[in-house]
Each structure stands twice: as C-alpha cells, then as structure tokens.
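Listed in order, the protein sequences are those of chains W and L. Anchor point for the first sequence: position 97 equals 95 in the working numbering, and the numbering is continuous, going up by one each time. Take the position in the second sequence, starting the count at 1, then add 3; the result is the number in the working numbering.
It should be emphasised that the hints constitute simulated quantities derived from the structure, not laboratory data. Certain hints may be false.
[As the list claims (entries may be wrong)] Listed next, the stretches of chain L that the computed footprint assigns to chain W, with coverage defined by at least 3 CB atoms under 8 Å from CB atoms of chain W:
hint, region
1, 84 to 91
2, 94 to 101
3, 109 to 119
4, 186 to 196
These numbers come from a predicted model, not from an experiment. Backbone N, C-alpha and C define an ideal beta-carbon position, used for all residues, glycine too.
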Amino acid sequence: MNRPLLIVSLLVAAGLATLPWLGSDTMIQFGINALLLATLAQSWNILGGFTGYVSFGNSVFYGLGTYGTAIAMTNYNLPFGVGLAIGAVVAMIAALLVGLPILRLRGPYFAIATLGLNGAMMAIFSNLPIAGSNIGLVLPLTRNDAMFYELALGLLVACSLTVLWISRARFGMGLIAVREDEDAAGSMGVNATRYKVAALVMASFFTAIAGGIHAYWSTFVDPASAFDSTLNVRMVISVVFGGPGTVLGPVIGSFILSTVYEVLASQISTAAALLFGVVIVLAVIFMPKGLADILRSRRNLTWRYFIRNIRENRL
Amino acid sequence: MVLAQILLNGILLGGLYGLMALGMALVWGVLNIVNLSHGALIMLGGYVVYYLFTIGGIDPFVALPIAMLVMFAVGFLLQYYLLNLVVRSKMLNTLLITFGLDVVLTYLAQLTFSADFRTINPPYAGANFALFGLTVPSVRLAAFVVAIVLAAALWFLLHRMALGRAIRATAQNLVAARLYGVNPSVLYAVTFGIGTALAGAAGGLYGMIANLTPYIGASLTAKSFVIAIIGGLSNPFYVIFGGIFVGIAESLTALYIGPTYSDVISFGLLVVVLVLRPNRTLRTS
C-alpha cells in the first residue's frame, strides 16, 4: 500500500466518522454491523491472509469476547471498558492455548481442527452457570448508537493499521514466508509455529473486542448468537473476495458483501446465505487473488485474466 | 452390564462413522482434496433415501443402492465440471471451494427440503433382539453390517480391479499414470463419485438412526476428518476401525461426562492424535 492510498483511506475513515451526525438511525445501525464485520474479516486476514492458514474457529474468539464482556458487566457490575479488556484477555489466552498445539499442524489439519472448536465452545458455555447456561445474559441497556458506531470505526482503523504494519514489518515477511514455503522459512530462521501463534493471538484480540462491542450494543448474549458459525463463513468470504494478505482488500470485500447481504436479506434470508457460498466458489475459480489483485492490474484487465487463473489451476 | 451395552452401542455407531469417513479418506488420499463439503453430501444422501422412502415407498435399505447411484452422479459432475478447475492449485483454494460448496448445498437443502427435522422411519425402526443379555437394535446392527460390506467392496475395488489399480496409480504418481493411458479428469471424477456414493450410503443410514436437518454437514465433516486421520488413508478397514474407536469414545463420554460433551470428545481426540503423531504420512494409498 503506497502513501497516496493510505492518505485517501484515512480521509475516507474520517468521512465515515461523521455519519452519526448525518445519517439516519437505520444507516448507523447498518454501519455498526458492517464495521464490526469488516474488523472480523481484517483480523481473520492476519492469520488466514498472511500465512494461508484457514481458520474456521475465529468465531470462538468473538464468542469469548462477547461472554467476557457480558459476564463482567452483569455478574460483577464492572464498567464496559474493563469488560472489553477481560474479554480480550480471555480470548488471547484461549488463542494461545488452542494455537500452541494445533498450529503445529500444517494446512488442512489446522483448518479442520478449528472446525470443531465452535461446537465445543458452544457445548461448554451452554452448561456454564456463570454464563447463564442455555438462557444467556442480559446486559445493561445503553441507547447510544453513535458511541458504538465510533467505537466500531476506531477498532477497524486500529486493526487495519496493525495489518498495514504487519505487511511492512519483519514479522509480516515471516508470515508470508510461512505461506509460500514453510520448510524454506524454517531454514531461514523463521520459527513458523511461534509466528503463527502470534498472528492468531493478534487476530483473537481484535475479534474479541468486536464481540464485546456487539454484546453491549445488542444487550443480549446467548450461546447460539455468540458462537455463530455463519460469522466465520462471512469472515472467510470477505477476505477471499477482497484479497487475502492485502490491507484494504478484506475491508472493501466485507463492505461490498455486507451491502449486498443487507439488500438480499430484506427479501429472503436463505438466498443471501446461498449467495455467500456461490461467491466463494466463483471467487476461488476466477479470482483466487481477490478483488485487490483485480484493482491492481485494472489497466490490462480483460477476460484473459480470468481464463489465465483457471488455466493455471485446472487439471 | 451397562458398560457392555454402552460399548456395543459405540461399536455399532462407530461402524457407521467409519462409513462416513470412508469417502473422505478416499478423496483425500487420491485427489489430495480435503473435502469440506463431505458432510453436506452425507446430508444430501440422507434426504435422497428419505424421499425415496416417503414418496416412493421404497424400503430404505433397498433405497440405499439407488441413492448411491444418484450420489455417484452428483459427485462425478461436481468433480468433472467444478473441482477439476482448481484441483492443481494450493490446498487453501481447494479447502475454500469445498467450503463454499458446503454453504451452497446446506442452504439449497434448506430451501428445497425445509429446516424441519426428518427421520427415515421404516416400520421395523424400533425392532431389537436380546443377545447374551444385551439389547441389539436391529437397524443399527444392519447399518454396521452395511458399513463393513461397503468397506470390503471398496477394498476389493481398489486392490483387485483394473479401475482400482488406476486409482491407486494416480494417487502415487499422476504423470506416470497418465503415460500409461489413464485419463486423469475422468478418473478424478470417478474417484470423487465413489467417495460421494459412500457418503450417500452413510447419509441414508444416518437418517434411520438420527435426525436429518440441512445443518448436520459441518459436524459430520469434522467427525469424518477425525476418523480419516485416526484410521489413515491406506486401507478401508482401518478407517472403519477408526470410526469404531471414535464411536466407543463418544458413547463412554456420554455415559461418564454428559451427552452434550460427546461432540467435544471427537475434537479432543483429533487434537491428541495430531499432536502425538503430527508427521504421520497419510498419502499412502
């Protein structure tokens, strides 16, 4: 990402910050959802985009952030900020505990190991009295959508700046090296497991904060909504569609998909979910490097670009 | 006595689990695709048998081979026209595309079959008999037998027939197999079709034992994966043993810890197995 693009992005972010004074209530609410989803996609990108390790378990950190905040605020009457911090710390510890054994696994082993995480967590939280078991928890009501909007926007900016830093730092180079050739990276002195775990812990931090903000905003938490596996689907799609391993791709991808989803969901919700699946399938076939790559090579973009992508990968 | 009964239930259920994993192990071993839509294909097979039974009035065990044929066609077409397009790219991409396929199949199923719980309920569904003081549910025993028979059939196909030799050759060396006259796109499609047919049979049996909904796919994929890893990809019977192992572990967990945790245990087993034997080579068809 070059300097002009960075300045434009920051200006767009500043422009988005004025929405609560200009937009309607519905727009602000849509904005909060879209910004939180973009944050989730961006944090998924830290591990999934840079190292190529597909995680289907990131929604677990979202759920832990949700529950951390909810438990702190309802059971112990702690302020929102403390709740967020507790949720984030719990999620990071979980990322460490989960990551250390299963990030030693390569590629598909890791991906499928994470498939079971969500269900396991849901089973545990459904039986946890402190988390309200199956019924869930009700948080104190705060009607201040503008605050939640600005919080979500701030979080997305912070997360994107982190990804920008990663894309330039030695740490990010290490992650990309792991994606391209893990053995070669190891022989160059990159401790692959440590890099991957660090990436997962960073992702879990932002994911958990997003969960905490959503919990306080929606004032209700239960196992089904906190550990919602479709959330993971949306993270993956946004990143794959937008461009894995890029800074702006996941954000743009998730904004586009959120808008499309919102329009479709008002018609039929199943069709919207179906569309997501179709988008993944088509994106993998025609544009495996994402929207970002198309925008980058827009000058000589013809139908040949898509044909070339197929020709490279077909049998 | 309770323990013996629990073990028996675990073994019978485990045979079915093994059958679920059989197709996934075959596709993984030969095509090097970890098929995340495998569970959704099991679900689809279950619905095929369900409709053959409720609308067509065909006995579910007779409907199984029909469902397997239907699912073979589905799998063949999927691989030939869709997955062959990405099969050479990085594993990340094949993971993602089969994941997208899983989402598509799940919601298509929700649209066409609705989200209601369905059970394949033949008149003999509740039948059982006593053996050495244990209760043996007839349908579960039959499902177990079908699983063993299909594993044996797959072993016979792979090791005693020309098609199986071609499949094994392709798994070992695609280029060399091509030089000997194997057409890889057709062979891949046939292999995926066989895997899908096995998934279809597993789905039909699953529908007689548990509830079918469009959403069972993801957990069945995870379970099949665990079993494929425990059993390895080299021999169909090892996969069945892997299934029995997981079935027993689940039944014991349900008895001693609590039924809600029986899904957690297969995840725990997976982590333990992977961490203890991380470098186990799976591709040894």
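Going down the list of hints, with the structure as the test:
Only residues whose beta carbon comes within less than 8 Å of a beta carbon in chain W count, and the region 84 to 91 of chain L has 6; three or more means the coverage holds. Under a criterion of three residues with beta carbons nearer than 8 Å to beta carbons of chain W, the stated coverage of the region 94 to 101 of chain L is upheld, 6 such residues being counted. Coverage of the region 109 to 119 of chain L by chain W holds [criterion: at least 3 residues with CB-CB distance below 8 Å; count 5]. For the region 186 to 196 of chain L, the assignment as covered by chain W holds, since 3 residues bring a beta-carbon within under 8 Å of that chain's beta-carbons and 3 suffice.
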